[in-house]
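Chemist: Sequence:
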Amino acid sequence: MKTIANIIWIVLGGLELAAAWAIVGVILCITIVGVPLGMQCFKAAAVSLTPFGHYVEYGGGAGSAVANFFWIILCGWWLAAGYVLAGILNCITIIGIPAGLQSFKMAKLAWAPFGAVIS
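Residue numbers for the sequence shown follow full-length UniProt numbering, so the first one is 1 and each next one is one higher.
Hints listed in this document are in silico derivations from the structure and should not be mistaken for laboratory results.
No experiment lies behind these values; they were computed from the predicted model shown.
Any given hint could turn out to be false.
Straight-line Cα separation of at most 25 angstroms, DSS-like style, residue types lysine-lysine; simulated pairs [unchecked claim]:
#1 K108 - K2
#2 K2 - K105
#3 K43 - K108
#4 K105 - K43
#5 K43 - K2
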């Protein structure tokens with residue numbers, strides 16, 4: 001069932017959002033300072049491509065909070081906005097409701113990815 005859900009997810013916008021994560025990751029990895037941020041982007045891109053069957057647990061400490069602060073300022077807000085928009089558009093249709101709910105889950109990850117453990 002999760003394979004079918006992941007295929008529907010990719011068709012309904014997951015591919016574009018995963019590409020956005022990857023593009024942001026490449027841009028951040030150009031600078032030495034942005035490499036930790038960029039590496040987290042690549043992990044999130046993989047989850048964004050196939051979110052069904054993946055779980056995100058949030059934790060972290062002061063270092064994660066500081067990294068999330070800079071993340072939100074640099075690019076987290078527009079990635080989260082993309083997921084919220086995708087979630088709203090997917091929830092309009094009956095078949096897209098599960099994908100819409102995954103979009104809202106991924107919006108939280110896009111807002112604060114540091115300190116999150118993806119399993």
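Chemist: Each hint needs a verdict: does it hold in this structure or not?
Modeler: Each hint, compared with the structure:
1. Taking the CA atoms of K108 and K2, the gap is near 21 angstroms; set against the 25 angstroms cutoff, the hint holds.
2. With a CA separation close to 16 angstroms, the supplied pair K2 and K105 stays within the 25 angstroms bound.
3. A hinted pair counts as satisfied when its Cα atoms are at most 25 angstroms apart, and K43 with K108 qualifies at roughly 15 angstroms.
4. Distance restraint check for K105 and K43: the Cα-Cα separation of roughly 15 angstroms lies within the 25 angstroms cut-off, and the hinted pair is therefore satisfied.
5. At roughly 19 angstroms between alpha-carbon atoms, K43 and K2 fall within 25 angstroms of each other, so this suggested pair holds.
Violated hints: none; the structure is consistent with every hint.
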